[in-house]
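The task is simple: from the sequences and hints, build the whole structure.
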Amino acid sequence: MTRSVIRYAEHRIVRDPECTPSTVASCLYEGCGWAAVPGPDVAEVDRQCMKHTGLHAGHGRFLRGFEDIALVHRVDAP
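Here the working numbering is used: the first residue of the sequence shown is 2, the next is one more, and so on.
FYI, nobody ran anything at the bench for these hints, they're computed from the structure. From the three backbone atoms N, C-alpha and C, an ideal C-beta is built for every residue, glycine too. What you were told as hints is all true, and nothing was included just to trick you.
Simulated DEER-style distance windows between Cβ atoms:
1. 33 x 10: 38 to 48 angstroms
2. 9 x 38: 38 to 48 angstroms
3. 6 x 69: 27 to 37 angstroms
4. 45 x 76: 29 to 39 angstroms
5. 42 x 2: 52 to 62 angstroms
6. 8 x 51: 44 to 54 angstroms
Set out below in structure tokens:
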């Protein structure tokens, strides 16, 4: 018979300070295919979406995403 020992360890997840987060957006109007220029500034990507809506009536729904790189660290028990 084989015995197993299971131990639990606490972990913490944080954004990698060496990397810049990125914001992306794309128009959900059927067949459009427009996408904002990705960048770290959420407000700039939002402005691109609003400009697209202003130029194309009915294109008012966007899929937005926020991407970064995360680091997971084990938290040592006291």
